[in-house]
Amino acid sequence: MNRRAFLRSAGALGLARAAAGPLAAFGTAQVAVAAAPAGARYGKLLVLVELKGGNDGLNTLVPYTDPAYYALRPKIAIARDQVIPLSDRAGLHPALASLLPIWKDGQLAVLQGVGYPEPNLSHFRSIEIWDTASRSEDYLQDGWLTRAFTMQPVPRSFAADGVIVGSSDLGPLAGGGTRAIALADTEQFLRRAKLAQPGAAGGNKALTHILKVESDIVQAASHLEARTAFETEFPAGGFGNAIKTACQIIANPSGVAAVRVTLSGFDTHANQPGTQARLLAEVANGLQALRSALNELGKWNDTTVLTYAEFGRRPKENQNNGTDHGTANVHFALGGRVAGGLYGASPDLTRLSGDGNPAYALDFRGVYATVLDRWWGVSSRDVLGGRFAPVSFLA
Amino acid sequence: MPARFLAAAAALALIAGPAASAPSPMGFDDARHLLVRTGFGPTEAEVRAYAGLTREQAVTKLLRDTRTTAGTPPPDWTAETTPLRYPRPEDATPEERKAFQRLQVRHGLELRAWWVQEMLATPSPLTERMTLFWHNHFVSSQQKVRFARLMYTQNATLRANALGNFGTLLHAASKEPAMLIYLDVAQSRKGQPNENFAREVMELFTLGEGQYTEQDIKEAARAFTGWSLDRDTGQYLFRPGIHDTGVKTVLGRSGRFDGDAVLDVILAQPQTAEYITAKLWREFVSADPDPREVKRIAQVFRGQDYDVKAALRGLLLSDAFWATDNRGTLVKSPVELVVGTLRQLEVAPGSALPFAVASSGMGQNLFSPPNVKGWPGGETWINSNTLLARKQFLDRLARTDDAPLPMAMMAMAGEPLAAQEKATVASQGVQDEDKLRAQRFAQQMDRGLRNVPFDAAQWVARRPGTTPEAKLQAAQALLLPLAPVTADRPHGDVDAVAFVRATLLDPAYQLK
Numbered sequence: 001m002n003r004r005a006f007l008r009s010a011g012a013l014g015l016a017r018a019a020a021g022p023l024a025a026f027g028t029a030q031v032a033v034a035a036a037p038a039g040a041r042y043g044k045l046l047v048l049v050e051l052k053g054g055n056d057g058l059n060t061l062v063p064y065t066d067p068a069y070y071a072l073r074p075k076i077a078i079a080r081d082q083v084i085p086l087s088d089r090a091g092l093h094p095a096l097a098s099l100l101p102i103w104k105d106g107q108l109a110v111l112q113g114v115g116y117p118e119p120n121l122s123h124f125r126s127i128e129i130w131d132t133a134s135r136s137e138d139y140l141q142d143g144w145l146t147r148a149f150t151m152q153p154v155p156r157s158f159a160a161d162g163v164i165v166g167s168s169d170l171g172p173l174a175g176g177g178t179r180a181i182a183l184a185d186t187e188q189f190l191r192r193a194k195l196a197q198p199g200a201a202g203g204n205k206a207l208t209h210i211l212k213v214e215s216d217i218v219q220a221a222s223h224l225e226a227r228t229a230f231e232t233e234f235p236a237g238g239f240g241n242a243i244k245t246a247c248q249i250i251a252n253p254s255g256v257a258a259v260r261v262t263l264s265g266f267d268t269h270a271n272q273p274g275t276q277a278r279l280l281a282e283v284a285n286g287l288q289a290l291r292s293a294l295n296e297l298g299k300w301n302d303t304t305v306l307t308y309a310e311f312g313r314r315p316k317e318n319q320n321n322g323t324d325h326g327t328a329n330v331h332f333a334l335g336g337r338v339a340g341g342l343y344g345a346s347p348d349l350t351r352l353s354g355d356g357n358p359a360y361a362l363d364f365r366g367v368y369a370t371v372l373d374r375w376w377g378v379s380s381r382d383v384l385g386g387r388f389a390p391v392s393f394l395a
Numbered sequence: 396m397p398a399r400f401l402a403a404a405a406a407l408a409l410i411a412g413p414a415a416s417a418p419s420p421m422g423f424d425d426a427r428h429l430l431v432r433t434g435f436g437p438t439e440a441e442v443r444a445y446a447g448l449t450r451e452q453a454v455t456k457l458l459r460d461t462r463t464t465a466g467t468p469p470p471d472w473t474a475e476t477t478p479l480r481y482p483r484p485e486d487a488t489p490e491e492r493k494a495f496q497r498l499q500v501r502h503g504l505e506l507r508a509w510w511v512q513e514m515l516a517t518p519s520p521l522t523e524r525m526t527l528f529w530h531n532h533f534v535s536s537q538q539k540v541r542f543a544r545l546m547y548t549q550n551a552t553l554r555a556n557a558l559g560n561f562g563t564l565l566h567a568a569s570k571e572p573a574m575l576i577y578l579d580v581a582q583s584r585k586g587q588p589n590e591n592f593a594r595e596v597m598e599l600f601t602l603g604e605g606q607y608t609e610q611d612i613k614e615a616a617r618a619f620t621g622w623s624l625d626r627d628t629g630q631y632l633f634r635p636g637i638h639d640t641g642v643k644t645v646l647g648r649s650g651r652f653d654g655d656a657v658l659d660v661i662l663a664q665p666q667t668a669e670y671i672t673a674k675l676w677r678e679f680v681s682a683d684p685d686p687r688e689v690k691r692i693a694q695v696f697r698g699q700d701y702d703v704k705a706a707l708r709g710l711l712l713s714d715a716f717w718a719t720d721n722r723g724t725l726v727k728s729p730v731e732l733v734v735g736t737l738r739q740l741e742v743a744p745g746s747a748l749p750f751a752v753a754s755s756g757m758g759q760n761l762f763s764p765p766n767v768k769g770w771p772g773g774e775t776w777i778n779s780n781t782l783l784a785r786k787q788f789l790d791r792l793a794r795t796d797d798a799p800l801p802m803a804m805m806a807m808a809g810e811p812l813a814a815q816e817k818a819t820v821a822s823q824g825v826q827d828e829d830k831l832r833a834q835r836f837a838q839q840m841d842r843g844l845r846n847v848p849f850d851a852a853q854w855v856a857r858r859p860g861t862t863p864e865a866k867l868q869a870a871q872a873l874l875l876p877l878a879p880v881t882a883d884r885p886h887g888d889v890d891a892v893a894f895v896r897a898t899l900l901d902p903a904y905q906l907k
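From first to last, the protein sequence lines stand for chains C and V.
Residue 22 in our numbering is what sits at position 22 of the first sequence, and the numbering runs on without skipping anything.
If you want our numbering, it's the 1-based position in the second sequence plus 395.
Read the hints as simulated data drawn from the structure, not as lab findings.
The C-beta atom is built at its ideal place from N, Cα and C for all residues, glycine as well.
Fair warning: there could be bad hints in the mix.
In silico PhoX-like links for lysine-lysine, alpha-carbon gap of 25 Å or less [what the hints assert, rightly or not]:
(1) V/Lys-585 with C/Lys-316
(2) C/Lys-205 with V/Lys-768
(3) V/Lys-690 with V/Lys-704
(4) V/Lys-613 with C/Lys-316
(5) C/Lys-316 with C/Lys-75
(6) V/Lys-539 with V/Lys-493
(7) V/Lys-585 with C/Lys-75
(8) V/Lys-570 with V/Lys-674
(9) V/Lys-674 with C/Lys-205
(10) V/Lys-539 with C/Lys-75
(11) V/Lys-768 with V/Lys-704
Heads up, incomplete: computed chain C residues facing chain V, CB under 8 Å, no partners named [to be verified]:
(12) Leu-183
(13) Val-213
(14) Glu-214
(15) His-269
(16) Asn-320
Please construct the entire structure, taking both the sequences and the accompanying hints into account.
Put into structure tokens, the structure is as follows:
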């Protein structure tokens, strides 16, 4: 029986999530802890920014001195004189100009070649791998943050464990046993939360899930404040609004451990130049506003922001001025305590796989391990089911 | 004898099988369960029409009464045959591009309202449930396809084949112009085959993940070269000049396959029948398909040449479907919640559009599934955001004011601004007139939801039963699949409105 079937039938056998949970896959015992355990520093915030569709890393951090790059992309390569140089070999897509101040302050880490072994080229499967931090051949149910928060619970006093802004898909917070809230807009949430009614537990699985969500709502609502007035001007548009909502949630003194925002549209199979430029500008302007607002709150030094996506894109451009699904990618880590600079390794464009994709340099689970071990003080080995070398963008 | 009783007896005579050891009539609860699971939300009368039948007779009747076309006339523009050209930056002004976008938005709204109206009015809810099922299987989204009329023709194709032959449906759905655009099929040519379509056909439409290799995809992609869209006629067109005529090997079979031949190779795999059967199980029976039952029913499905009704019959007559533990264990999708509530409360709104919009707010925007995998469904319908949207909708419905204002009919986002609004834009320097439009639209949808003609007291009074308490019990038995969860409910000498409201807001009402 394959792994997925095993994990599903384990659920059917009534192994309650709280007891065996995701750890059944790793054969370790679960210890339920009520109070904030020693070592877990959830006062430090993680903000995840999902670049949904698979951002093209090669045009994000451009190897502007590499002739192979221009040979592979005669139409869509970023011209050398357009690039914002970060080093003598790599530079940013011009649309990311708003990130430059953060780079100059030494608070922006650029992670090169982030991927994993046996990469999967399907959106759904690959994002599942990233969200559950599984191996390519394993199918896990719970998000990596769900596992972290199950093993080392977030203090009950927090408004929620994690908040998903602007999407109904819980991603890294998928699965049961933790308080994950998905919402679009704080004020609307609070207005509607009056309708929630937690009931007695028991009954079938679907009903239990509903009752739990009702209860989470009531708790989150009792903590969240409606509005904080920021001086920072947030960019217009969906992503800017999501950043603003995230900041309002973060402003609440009760705290949350993680927030995720998503920007969609990166699946640029056709007409990439215009689309990617627009999206990257949104990302950069949004992140600039995020830093500004968090500074207003005095929280920037206690925040790490991490981008992620299901995959990068193929180095060779296709016939429609775009790129197809790829593998290793460029991502950003930024925050008050992030050690800025370039990490990992840029892809060797002369040594591509049969599929036309480069090898990875940093396993994404190492990036997660950095957050788990060094930011929160949660055992990455337990959460990720293995040892992954952290990246030194956090001390 | 009352006419109703005669009609029922006649119906029984028509469909009764051999009388030998006649199994007993299913009764109210079973009939309710069957209709809720296969429809949107049955009325008292609909349940009664089935309660006197045996399970087998009921399933036969359900499957016999399906349709292949919608009863509600579609908007006029769906019949247009103008070329499919949309204004590109190179050859159109920003004004023209905006006008095109607004037109498609407006048509898209009319289309959503049309479909919801059909769901509300159809005598065969199963037909619409299956059309919706296939919409979520052969996914395409207006976000990418843009032309609302292509979404319509695809919808019509899905309905025509929804309870027919899956093989026919697969071939037809793969060539729908909406699909060709959504999966970039038209951009696939010999030498540069587009793998996207081949991958989705195997991963999502037929075999499921892990049941094929990357090599199979590459080979299949070659077979699909030449499939394209003629933008002048808006139809599928095969272009032999860009078709790769070489030999391909797909799933162990070799030949000079074209796209249709590859589809047939895939259909020949037992896995295809199992994948579809398992998906139908999750739609109608439970969240955890029983592998042995799925295999058994899949064999019947394939044995009957992929007749969808044969698969449904197997599923709906399985022990798992009727098990008591299985009642009220599936989450209603937003459309089921919205349409089902209106049907059960016997509400006929003047415009269906606010209800399509409400469903979208709960996470199910018809004609715009989030990605190729479709709406994942099940428990994922419920999170803090969506649960509140669902409860707010129900709360408003239950609380409708006694003095309804005249409702704005079909408020269209694409309508030209009224003179007064134009003046507002000019004088107050509102930057984006689209913003004003959007605001006005939202207000009108809001009003649409609040002005629904529902009279709770009247509805309760029409319930069977001779005492007020009996009527409330009957209302609850119709609306809820399980005992209500919330302890402090109004009972006894109570206001019908408060009772209905409490029942709709009970967590159990989210389930079917």
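Is it true that the CA of C/Lys-316 sits at most 25 Å from the CA of C/Lys-75?
-> The hint holds at about 10 Å.
Please verify that hint: C/Asn-320, Cβ, nearest Cβ of chain V, below 8 Å or not.
-> Holds, because the Cβ-Cβ distance from C/Asn-320 to chain V comes to roughly 6 Å (cut-off 8 Å).
Supplied contact hint for C/Leu-183, tested at 8 Å Cβ to chain V = holds, 5 Å
Under the criterion that the straight-line Cα-Cα distance not exceed 25 Å, is the pair C/Lys-205, V/Lys-768 satisfied?
-> The hint holds at about 24 Å.
Taking 8 Å as the limit, does the beta-carbon of C/Val-213 come near enough to a beta-carbon in chain V?
-> holds, 5 Å
Does the CB of C/Glu-214 sit less than 8 Å away from some CB of chain V?
-> holds, 6 Å
Holds or violated: is there a CB of chain V closer than 8 Å to the CB of C/His-269?
-> It holds, given that the least Cβ distance between C/His-269 and chain V is near 6 Å, below 8 Å.
Is V/Lys-585 close enough to C/Lys-316, meaning Cα to Cα at most 25 Å?
-> holds, 18 Å
Satisfaction of hint between V/Lys-704 and V/Lys-768, Cα-Cα up to 25 Å = Since the Cα atoms of V/Lys-768 and V/Lys-704 sit roughly 24 Å apart, the hinted pair holds (cutoff 25 Å).
Given the hint that V/Lys-539 pairs with V/Lys-493, test it: the Cα-Cα distance must not exceed 25 Å.
-> Within the cut-off at roughly 16 Å; holds.
Does the structure keep V/Lys-570 and V/Lys-674 at a Cα separation of 25 Å or less?
-> holds, 22 Å
Is V/Lys-613 close enough to C/Lys-316, meaning Cα to Cα at most 25 Å?
-> Holds - the C-alpha atoms of C/Lys-316 and V/Lys-613 are around 17 Å apart, at most 25 Å.
Checked against the numbered hints given earlier, this structure breaks none of them.
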